[in-house]
Amino acid sequence: MPGLTLFEKLWDAHVVHVEADGTTLLYIDRHLVHEVTSPQAFEGLKLAHRTPRRTDAAIAVPDHNVPTTDRSQGIADPISRLQVETLDANCAEFGITEFRMDDVRQGIVHVIGPEEGLTLPGMTVVCGDSHTSTHGAFGALAFGIGTSEVEHVLATQCLWQKPSKTMLVKVEGELGKGVTAKDIALAIIGEIGTAGGTGYALEFGGSAIRALTMEGRMTLCNMAIEAGARAGMVAVDRTTIDYVKGRPYSPRGAAWDQAVAWWNTLHSDADAVFDRVVELDAAKIEPQVTWGTSPEMVTTVGGRVPDPAKAPSEVKRHDWTRALEYMGLAAGTPIAEIPVDKVFIGSCTNSRIEDLREAAAVAKGRKVAPNVKLAMVVPGSGLVKQQAEAEGLDTIFVEAGFEWREPGCSMCLAMNADRLEPGERCASTSNRNFEGRQGQGGRTHLVSPAMAAAAACAGHFVDVRKF
Amino acid sequence: MQAFTTLDGLVVPLDRANVDTDAIIPKQFLKSIKRAGFGPNLFDEWRYLDHGEPGMDPATRRPNPEFVLNFPRYKGASVLLARDNFGCGSSREHAPWALEDYGIRAIIAPSYADIFYNNCFKNGILPIVLDAAVVDRLFRECEASEGYQLKVDLDKQTVTTPGGEVLKFDVDGGRKHRLLNGLDDIGLTLLQADKIKAYEERRKLEAPWLFNA
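Line by line, the protein sequences give chains C and F. For the first sequence, this note's numbering assigns the number 1 to the initial residue and increments by one for each residue that follows. For the second sequence, this note's numbering assigns the number 468 to the initial residue and increments by one for each residue that follows.
Hints listed in this document are in silico derivations from the structure and should not be mistaken for laboratory results. This structure is a prediction, so every number in the text was calculated from the model and none was measured. Ideal Cβ positions, reconstructed from N, Cα and C, are used throughout, including at glycine. Keep in mind that a hint or two might mislead.
As the list claims (entries may be wrong) - Partner residues aside, some chain C positions facing chain F, computed with beta carbon under 10 Å: (1) 44; (2) 46; (3) 120; (4) 127; (5) 132; (6) 197; (7) 225; (8) 256; (9) 269; (10) 318; (11) 333; (12) 337; (13) 441.
All chains should be modelled from the sequences, with the hints used to inform the complete structure.
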């Protein structure tokens with residue numbers, strides 16, 4: 001019998017009950033809750049006179065609606081304010097721990113989970129947010145769920161699931177200088193497409209992945225959903241365990257030793273069989289820039305906007321034509337000649353301390369170009385912000401002409417006041433370049449933090465390796 | 468949840484691949500704390516020429532006459548014909564809520580994003596997968612013939628065209644059972660309460676750090 005994949009090990013450890021057809025009741029260890037996808041779930045509980053099964057497994061934080069400017073006056077938009085107040089009230093009523101807007105630990109749900117040690121190897125982690133795949137970086141099985149399932153997890157601590165197929169994405173070799181986890185993620189999506197991972201749990205492996213820091217692995221797993229996979233994961237190794245150690249919610253003492261003994265088994269066995277294997281050569285990956293309205297519409301910074309006439313299928317030709325029209329781009333335009341109006345450095349993909357360091361290293365001693373109307377840096381959490389300020393990164397950004405903001409999801413999806421105006425073009429470190437994602441009519445190009453900082457200073461996309 | 472058994476419905480064709488949940492229901496409407504009322508804002512940015520915000524009266528909006536949902540011939544459609552990877556992107560259940568509130572009860576596409584597909588079953592919507600070539604043909608038939616209707620039978624797992632052609636589709640047995648009967652998942656799960664408790668007792672010994680109340 002062949003060995004087990006990491007996915008299979010995580011799955012097996014959480015099986016509560018299996019129906020005759022293989023549908024499985026899976027136990028959930030950690031439930032992250034935010035204000036957008038939870039109000040209807042709490043309402044459902046109340047209507048059915050139910051209570052959460054395990055309040056200690058849940059943790060809540062407002063992130064999507066929070067302002068990134070001065071918060072002393074609260075949230076100006078009354079509808080956003082009501083949603084955050086509803087979360088506060090629900091958490092108070094049901095006894096769920098919440099990091100409120102004025103708590104230094106508040107931040108993007110996918111940043112604070114790992115930061116606090118709420119996300120641990122071997123866990124099943126869910127949240128009413130598709131980017132929950134982020135937490136798979138810890139050798140956890142983590143995936144996004146809808147609001148009905150948020151209610152289900154609150155009430156039962158379980159979910160009905162069927163096992164996913166497994167895909168190993170193997171990235172071997174050494175990344176070039178200036179090439180980051182974000183570029184690996186976009187290169188993978190460019191390779192397999194936004195539906196390439198549908199039905200699969202992805203495991204990222206190979207020497208280039210082993211060499212990534214935890215923050216790089218989080219960036220990579222975060223984008224698994226943009227390849228269509230609900231879950232992305234990386235095996236536990238020394239890097240994982242070193243990161244987890246000593247965090248506020250991490251185990252201590254004897255429990256720590258017991259945990260580490262199990263965590264050290266959380267990797268795919270050498271003879272494990274995957275349903276699909278995709279291989280990439282790390283040395284060939286270059287800084288990536290998306291040109292369209294789907295993350296798979298991506299090329300290298302040295303590339304050009306493609307010609308729809310050369311699309312591989314009729315459906316794609318139609319999509320590319322539509323995308324170029326929306327993006328206001330002509331086929332054949334060199335990526336490096338595309339000017340930007342705004343720059344957004346932040347989101348659950350790229351708002352951690354290493355991301356900010358990378359961006360600051362580029363911004364240091366430079367100025368935001370005059371044609372750039374707004375360049376903003378939004379740290380992923382209050383603690384990331386504090387750390388960045390302790391390192392003087394805020395000063396570097398502010399001196400270069402960037403705005404230094406309060407933590408939250410911000411212009412990744414523009415539910416708060418931060419957004420693009422129609423026709424504005426943005427270099428963004430977020431995860432989705434969908435039509436209207438950053439504001440109606442807004443045009444998003446996804447890039448790494450270093451590439452975003454370089455675009456801000458050059459006023460157009462530029463190869464950060466030569467900048 | 469409302470049950471889904473059979474449907475004989477007008478079909479509206481949405482000829483785009485990778486339709487994401489941001490397009491199905493834009494973010495500004497996600498600020499609602501209710502489950503109902505999203506229908507008027509389904510596909511808001513494509514459906515209207517003016518910018519939509521929560522609380523606007525749909526009667527005062529400027530519909531986009533070029534968007535397929537606004538064609539008079541598709542008024543009252545309950546079957547949405549779509550392309551590959553429908554519902555990709557965010558996990559927002561507001562997407563199926565908006566479709567359902569608008570009146571869509573079945574979707575036919577070659578493929579769906581996983582989370583969206585799952586969310587449909589929790590809201591009385593049947594997402595049907597048919598072969599891409601078959602879907603392509605349905606698009607042509609639908610566009611060629613005004614008043615094009617399809618009959619969907621979940622129990623028999625069939626879609627019947629106006630010409631009498633019967634197309635079979637697959638659906639997971641458990642999901643089918645729950646949808647046919649409009650069953651509440653939580654109620655079913657709580658029948659396994661003893662097993663959940665037993666699992667927790669075992670895990671408290673194996674992995675006590677997971678229970679750190």
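Going down the list of hints, with the structure as the test:
This hint holds: residue 44 (chain C) has a C-beta 8 Å from the nearest C-beta of chain F, less than the 10 Å allowed. Interface hint at residue 46 (chain C): violated, since its Cβ lies 12 Å from the closest Cβ of chain F, which is beyond the 10 Å cut-off. The restraint placing residue 120 (chain C) at the interface with chain F holds, with a minimum CB-CB distance near 7 Å, inside the 10 Å limit. For residue 127 (chain C), the suggested interface contact is upheld, since its CB lies about 8 Å from the closest CB of chain F, less than 10 Å.
Checking residue 132 (chain C) against chain F by beta carbon gives a least distance of about 8 Å; that is within 10 Å, so the hint holds. Restraint check, residue 197 (chain C) versus chain F: the minimum CB separation of about 9 Å is within 10 Å; hint holds. Given the 10 Å rule on beta carbons, the hint for residue 225 (chain C) holds: about 8 Å separates it from the nearest Cβ of chain F. Annotation: interface hint on residue 256 (chain C) holds; nearest CB of chain F at approximately 8 Å, less than 10 Å.
For residue 269 (chain C), the suggested interface contact is broken, since its CB lies about 20 Å from the closest CB of chain F, more than 10 Å. The interface hint given for residue 318 (chain C) holds, since its Cβ lies 8 Å from the closest Cβ of chain F, which is under the 10 Å cut-off. Look at residue 333 (chain C): its Cβ only gets to about 22 Å from chain F, farther than 10 Å, so that hint breaks. Of the supplied interface hints, the one on residue 337 (chain C) is violated, with its beta-carbon coming no nearer than about 27 Å to a beta-carbon of chain F, more than 10 Å.
The closest approach between the C-beta of residue 441 (chain C) and any C-beta of chain F is roughly 8 Å, which is under the 10 Å cut-off, so the hint is satisfied.
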